[in-house]
Amino acid sequence: MARSSPSMSHRAVVIPTVIFLFALLAPATAGASQRVKLNASFSPDRPGASTTIHLGFNITSTTGDVPSPVTDVQIDLPAGMGLGTTDLGEETCDPTMLLAVGPEGCSPNSRMGFGNATVEIPVGSEYTKIYAFVTIYMGVPEKQHTTMLLYAETRSPIVGQFLLPSELLPTSGIYGAELHTVIPLIPTWPEGPPAVVVHMETTLGPSHLTYYTHRHGKLVPYTPEGMAVPERCPHGGFPFHAAYRFDDGSKATATTSVPCPRTGEPRARRGHPRHLAPGARHKRR
Amino acid sequence: MKLAITLIFATAIAIVTSSAGAVTLPDRRAYELVTPPDKNGVSISPAVSTPDGSAVNRIGLIRQRATTARVTHLSETAQLHLVAHQGTQVLHEEGQASGTLRGRLVVVINIGYTEATVTFTARSSAGTLSGRGVESYYVSGKIAHFSGRMSVTGGTGAYAHASGSRLQTTGLIKRAHYEVQMTVNGALKS
Chain P
1 MARSSPSMSH
11 RAVVIPTVIF
21 LFALLAPATA
31 GASQRVKLNA
41 SFSPDRPGAS
51 TTIHLGFNIT
61 STTGDVPSPV
71 TDVQIDLPAG
81 MGLGTTDLGE
91 ETCDPTMLLA
101 VGPEGCSPNS
111 RMGFGNATVE
121 IPVGSEYTKI
131 YAFVTIYMGV
141 PEKQHTTMLL
151 YAETRSPIVG
161 QFLLPSELLP
171 TSGIYGAELH
181 TVIPLIPTWP
191 EGPPAVVVHM
201 ETTLGPSHLT
211 YYTHRHGKLV
221 PYTPEGMAVP
231 ERCPHGGFPF
241 HAAYRFDDGS
251 KATATTSVPC
261 PRTGEPRARR
271 GHPRHLAPGA
281 RHKRR
Chain X
1 MKLAITLIFA
11 TAIAIVTSSA
21 GAVTLPDRRA
31 YELVTPPDKN
41 GVSISPAVST
51 PDGSAVNRIG
61 LIRQRATTAR
71 VTHLSETAQL
81 HLVAHQGTQV
91 LHEEGQASGT
101 LRGRLVVVIN
111 IGYTEATVTF
121 TARSSAGTLS
131 GRGVESYYVS
141 GKIAHFSGRM
151 SVTGGTGAYA
161 HASGSRLQTT
171 GLIKRAHYEV
181 QMTVNGALKS
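Note that the protein sequences, when read in sequence, are chains P and X.
Counting in my numbering, the first sequence runs without a single skipped number right up to 285 at its last residue.
Counting in my numbering, the second sequence runs without a single skipped number right up to 190 at its last residue.
Careful: at least some of the hints might be erroneous.
For lysine-lysine, the following PhoX-like pairs were computed, each having C-alpha atoms within a straight-line distance of at most 25 Å [unchecked claim]:
(1) P:Lys251 / P:Lys129
(2) P:Lys143 / X:Lys174
(3) X:Lys142 / P:Lys143
(4) X:Lys142 / P:Lys218
(5) X:Lys189 / P:Lys218
(6) X:Lys142 / X:Lys174
(7) P:Lys37 / P:Lys251
(8) P:Lys37 / P:Lys129
Since the hints were derived computationally from the structure, they do not count as laboratory data.
Note that the coordinates shown come from a computational prediction; the quantities given were computed from them, not determined experimentally.
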């Protein structure tokens, strides 16, 4: 028994040391989680105005390393808004045409917004950032749900494209709908780790959108009507909430709100002469 | 039967009013059922006494039809046009309906992202019929669709007692000018 004591003591020191070394050598994402920062704004933000919603997120890892790839995003949009009498997405875009031909495969009248994304891709043992242009199109409905297509393309240093279908789903409470996007893992090279979306900024609305209509045999450009800023602002502003799932199984949520317009700010007059039949009138609440 | 009910009822009132509160019912009950629950189509309205309580000046006895609720299959199609809107979410539509009611149809559609609350009032020569429902809503390019079930919320004339809670509704909205095509089908009890 007396001789075994040193051995037991030695084993007691070695085992924690090995566990500690394993912990150091384990992949950086093991046990790590992701943090998400959400931002939203309306431009313009006057009540009743045709507005463009700016929505963005940043994903960081709590360890400072490259985050785990996001695989599912659910963004709850504030109540009191909707596609209602907007012109957004007057045409639908066929995703197969979009992937086969690119943006030229879909009508300009199917565009609903623009944006950009930052994607981290592995190059050797390091990750490098690449930037993607994002265009949002009105998709073909799925199971009686309005769908949108987030089409992203990179041009330098590598040329690539990926398509993220989103659908508008019912929700309740202070939110009007949930925009649900499933993000498949973006392959890089065989056996290589997937690319990681770490940042995205998008718009949903008429800003920088030009639609076309035929009038008297001519193609006439026009700016589509966007969603209106609700007349009534809830206490604390117009709420946005987002829930993210990551490839490592972790989840993260984020909330933000668009501040209420300043009181006394002139209410936007909103008329749709294009939509209203002769004699029709715009009612004010 | 009618005479028997009248006599029972009148006798009960006579006991209550003539004794000026001195009547005591068995088990100290404050009331007693003097007409049977099944009155064979006859309803009795509350009696109203004179100010001094000495007599009853009216006994409401209303003869009603002893019939079960009539069920009509409602099948209505309407073409509506936009007459006004509130903000960007609420459309006021009007047009002519054809089918069972065959009259003027006024519809208000409050549109969200995924739901549309639809209220309607149909005016025909026989009366008016109103209803409401929350429908699922989605957009497909130039056309927006809504579908769901509506319930009758009121009526006048021939539809004064109308009811129905499973009126299947489908509609489409042409987004260029917000013209609406709408159909309503279901059982209407009246």
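Evaluation of the provided hints:
1. A distance of roughly 23 Å separates the Cα atoms of Lys251 (chain P) and Lys129 (chain P); the hinted pair therefore holds under the 25 Å criterion.
2. The suggested pairing of Lys143 (chain P) with Lys174 (chain X) holds, with an alpha-carbon distance near 20 Å, which does not exceed 25 Å.
3. For the proposed pair Lys142 (chain X) and Lys143 (chain P), the alpha carbon gap of about 18 Å is at most 25 Å, so the pair holds.
4. Our distance criterion of 25 Å between C-alpha atoms is met by Lys142 (chain X) and Lys218 (chain P), whose separation comes to about 20 Å.
5. Proximity of Lys189 (chain X) to Lys218 (chain P) is assessed by CA-CA distance (about 54 Å); at most 25 Å being required, the pair is judged violated.
6. Among the hinted pairs, Lys142 (chain X) with Lys174 (chain X) is consistent with the structure: their alpha-carbon atoms are about 6 Å apart, no more than 25 Å.
7. Of the pairs offered as hints, the one joining Lys37 (chain P) and Lys251 (chain P) holds, with about 13 Å between alpha carbons and a cut-off of 25 Å not exceeded.
8. Distance restraint check for Lys37 (chain P) and Lys129 (chain P): the Cα-Cα separation of roughly 19 Å lies within the 25 Å cut-off, and the hinted pair is therefore satisfied.
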